[in-house]
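A.B. asks: Please model the complete structure; the sequences and the hints are all you need to start from.
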Amino acid sequence: MRHAFDQNVGVLRRMFASKLSGVFNILVIGIALSLPAGMYVLLQNAQGLVDQFSGTPQISLFMSRDAKAADVDALRKQLEQQPEIERVQFVPRAQALEQLKKSSGLSDVIGGLSQNPLPDAFIVYPRPNQAEALDRLRTELAKLPKVEQAQLDSAWAYKLEALLKFGRMLVLILASLLSLALVAITFNTIRLQILTQREEIEVSKLIGATNAFIRRPFLYFGAIQGLLGGITAWLIISVSLMLLNHQLVGLAELYASQFALHPLSLGDSLTLLFFSMYLGWLGAWLSVARHLSQIEPR
Amino acid sequence: MPLREIFHGYGSVIAMIKLNQVHKRYPGGYQALKNVTLEIAEGEMVFLTGHSGAGKSTLLKLIAAIERPNLGSVLVNHQNVGVLKPRALPYLRRNLGIIFQDHKLLFDRSVFDNVMLPLQICGFDYRESHKRARAALDKVGLLRREKSQPIALSGGEQQRLCIARAIVNRPSILLADEPTGNLDTEYAHEIMDIFKSFHQVGVTLLISTHDESVLKNDDARVLALKHGELQT
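Chains as they are written, first to last, in the working numbering: chain A, -8 to 289; chain B, 28 to 259.
Worth flagging that the hints you see were computed from the coordinates, not collected in a lab. Owing to the predicted nature of the structure, the values given are computational and were not obtained by experimental measurement. Accuracy of the hints is not assured; some may be wrong.
Derived pair list, reagent style EDC-like, types lysine to aspartate or glutamate, alpha-carbon separation capped at 20 Å [unchecked claim]:
hint: 1; chain 1: B; residue 1: K131; chain 2: A; residue 2: E190
hint: 2; chain 1: A; residue 1: K68; chain 2: A; residue 2: E131
hint: 3; chain 1: B; residue 1: K112; chain 2: A; residue 2: E287
hint: 4; chain 1: B; residue 1: K88; chain 2: A; residue 2: E287
hint: 5; chain 1: B; residue 1: K88; chain 2: A; residue 2: E190
hint: 6; chain 1: B; residue 1: K88; chain 2: A; residue 2: E193
Calculated Cβ distances over 10 Å to all of chain A for the following chain B residues [what the hints assert, rightly or not]:
hint: 7; residue: A68
hint: 8; residue: N209
hint: 9; residue: M219
hint: 10; residue: K223
Where is the CB? At the ideal position from N, CA and C, for every residue including glycine.
C.D. replies: As structure tokens, this is what we get:
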């Protein structure tokens, strides 16, 4: 194997000899790949949010401010008779205020209020159901007496979910187009490499080199260039996320929240690297198949 | 391949190269070879002479399957190379050492690496190929220049480098196209002496030349081409 390795190292060294154009090629590939991959990361993060909320759809029933304890009991009974409802939880207005103080980070503001502006509320946990069914239930509950407002808490999650579907399609289209661009870049680079090494290819054929032997270093070159492009894309995404998270920490602190963007997972990172390597290899293969046969010794 | 062709080569001596009524016409309509029939035995040294354009290069190219005949058969080591599949070509050429009129050296690497190329192609192991490359360079007297760039070599040295590359994987047939073409007489005789030493170890040689002076002291067979036809 040593000789094969030796041969390939020699050829690859000559191919990578033009450092600047090589670096630019890798940079172009990296940037092209980082666009869809970066969007994918943001989508994954948004998806995480959606999963967190839409997993337990709830309906908040806010009672009117003049509701008495008797009204609350009556409403509770009515709710418990509904077959679509699993259980209900009563949140007295005082408790709601406490919760708001804790979770929103606005305790200073709330502390300054002279009276509790919040109404009593029920949190209704419906049985697992479709989005439309939940919507219908919400309308029904809103008509109950002494109910000021019924709000489907996960409604925004469903809307976001739909938006994410759109985003995913966008990423898919972008990824397909830019993958094609990566193949095209490699195709062209290899075409130039073949042209500059035309003499060597011709002589090698005359001396008895098989097509596989001549093809091999070009395929390696394409794969390595693709892989380096993939690594560049990974670095671009990781550094960008780090910068974004740095800003988010400040923002999240203001809202007393722990939110941060998650980086690419190990599996996704490996997929990115493998995919970019494969695309580089594919571009090289197409180029070699197209151009090598045109070089015949005369 | 019909049996008749497979056994065609067996005569009194084993024919290494055998051309049978070969015609070669180039796409432009130029008739390079007309009805050429010849036989070269194993271990024989043969000169091919003729004016420029007589078809010497074409004949060598047919043997190396760089060109294919329009008519007739070209047998090398009992193999009809005119009908070889492209994927079989490399294995034919590994058994041939070809010395090109224009050298075809690679100027992006050292003398030593030029000689290494055929060994890398054939897949020799690292140690063995280094040994062989040194031996081949020593044989043509270029061992001291192994680290030089080919561009720094004189015409005669470049020619000898081309020979070293052709013999490094020890082919049984050596084809040389005008090996002394641009060299003065002294260099030309040096080159011829190298060829004679290959002849002595049993290599089959076919050497084309328009320079009759290098033939004078030789008892080797001479084939003369004139306007694509073999003179008898």
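A.B. asks: Below or equal to 20 Å on CA atoms is what counts here, so check K68 (chain A) against E131 (chain A).
C.D. replies: holds (15 Å)
A.B. asks: Regarding the pair K88 (chain B) and E193 (chain A), is the alpha-carbon distance no greater than 20 Å?
C.D. replies: holds (14 Å)
A.B. asks: Verify the proposed pairing of K88 (chain B) with E190 (chain A), using a straight-line Cα cut of 20 Å.
C.D. replies: holds (18 Å)
A.B. asks: Are all C-beta atoms of chain A more than 10 Å from that of A68 (chain B)?
C.D. replies: holds (24 Å)
A.B. asks: Taking only the CA atoms, is the gap from K131 (chain B) to E190 (chain A) under or equal to 20 Å?
C.D. replies: Roughly 8 Å separates the two Cα atoms, so the pair holds.
A.B. asks: Regarding the pair K88 (chain B) and E287 (chain A), is the alpha-carbon distance no greater than 20 Å?
C.D. replies: holds (13 Å)
A.B. asks: Please settle this one: N209 (chain B) was flagged as non-interface, so is its CB more than 10 Å from every CB on chain A?
C.D. replies: Holds: least Cβ distance 19 Å, greater than 10 Å.
A.B. asks: Against chain A, does K223 (chain B) keep a CB gap of more than 10 Å to every residue?
C.D. replies: With a cut-off of 10 Å, K223 (chain B) remains clear of chain A, as the shortest Cβ separation is near 24 Å.
A.B. asks: Taking 10 Å as the cut and beta carbons as the points, is M219 (chain B) off the interface with chain A?
C.D. replies: holds (23 Å)
A.B. asks: For the pair we were handed, K112 (chain B) and E287 (chain A), check the Cα-Cα distance against 20 Å.
C.D. replies: holds (14 Å)
Violated hints are absent here; each numbered hint is respected by the structure.
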